[in-house]
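Protein sequence lines correspond, in order, to chains A and B.
Counted from 1, the first sequence has number 80 at position 80 by the numbering used here; the numbering is strictly sequential.
Counted from 1, the second sequence has number 1128 at position 128 by the numbering used here; the numbering is strictly sequential.
The hints are simulated quantities; they were obtained by calculation from the structure and are not laboratory data.
Some clues are possibly wrong.
As the list claims (entries may be wrong) - What the simulated footprint calls covered on chain A by chain B, stretch by stretch (three residues with Cβ under 8 Å from a Cβ of chain B suffice, anywhere in the stretch; the number is not a length):
no. : region
1   : 13-23
2   : 27-34
3   : 86-92
Every value quoted in this text rests on a predicted model; they were computed, and no experiment measured them.
Beta carbons are placed, not taken as given, at the ideal position from N, Cα and C, and that holds for glycine.
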Amino acid sequence: MGEDRLSRVFAALADPTRRDIVARLAAGDKSVGDLAAPYDVSLQAVSKHIRVLEDAGLVTRGRDAQRRPCHLEAEVFDLMTGWIERYRRQAEERFRRLDAVLAELDAETDEDDNRGAA
Amino acid sequence: MTTNDTRIEVDPNLPTLRIIRDFDAPPDRVFRAWTDPDLVRRWLGPRETEMRIEQWDGRTGGGYRYAAWRDGEELARFFGSFHEVRPNERLVQTFTWEGAPDGVSLDTMVFEDLGDGRTRVTSTSVVESIEIRDMIVSSGMDKGVIEGYEKLDELLKAG
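Work out the full structure, taking the sequences as your base and the hints as a guide.
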């Protein structure tokens, strides 16, 4: 994924309404009307949000001329899960080094204990 | 040594990032490893980088500044303040990467005594926006910074 695309994804998901739309689309395809129903905003405003999600490649629209249902591009979310996993592994590497430091401290503290300093 | 898993919690509606990890050592020792600069430099910072601590005053109201080096090259610089250093229990500090000087993360580390000589550390970071939080999670200073420099090099060459 190019950097421009990535920035668009971040910008698209920075908005709470758009995140909510994405969460609801995760359950299945929906028309703009379905998506707009729970919000206290115009259909037009919701369409605008969906366009931002489309531009970011998060959502595609079906060909059905009447409904043009919105569809969530699931692989984008696999990507986000991947990011979190990579971040987690980086933290884990750091903490393994900390484990080693703590194991060494253990040995040092045993010496302190012998001196009665604990 | 037992394997302790690192858990990451990313709230979809808040600009927070939570990292939870258990350690096979009592709170006083884990806390020391988090606040004594001679110990901190041995584990913090990305893999294969050397952490050069320039300033470290690990007391409430104190502060720190350090640089990450690899292969004789400075990769990144960081600084922050120690808002509260409550021995063996709680550490609250700010964190800024100089590459994004307007950005600041408020990090709270809670050291929970699990008994049995073990400690759970829950680290909660709060940043300015969900967008920035996602960028932190997705980039990882490690790779992102280097790749950024490489791109800049290419740009400068092309120009």
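Okay, the hints, checked on the actual structure:
| no. | hint | in the structure |
| --- | --- | --- |
| 1 | 13-23 | holds (count 5) |
| 2 | 27-34 | violated (count 0) |
| 3 | 86-92 | holds (count 6) |
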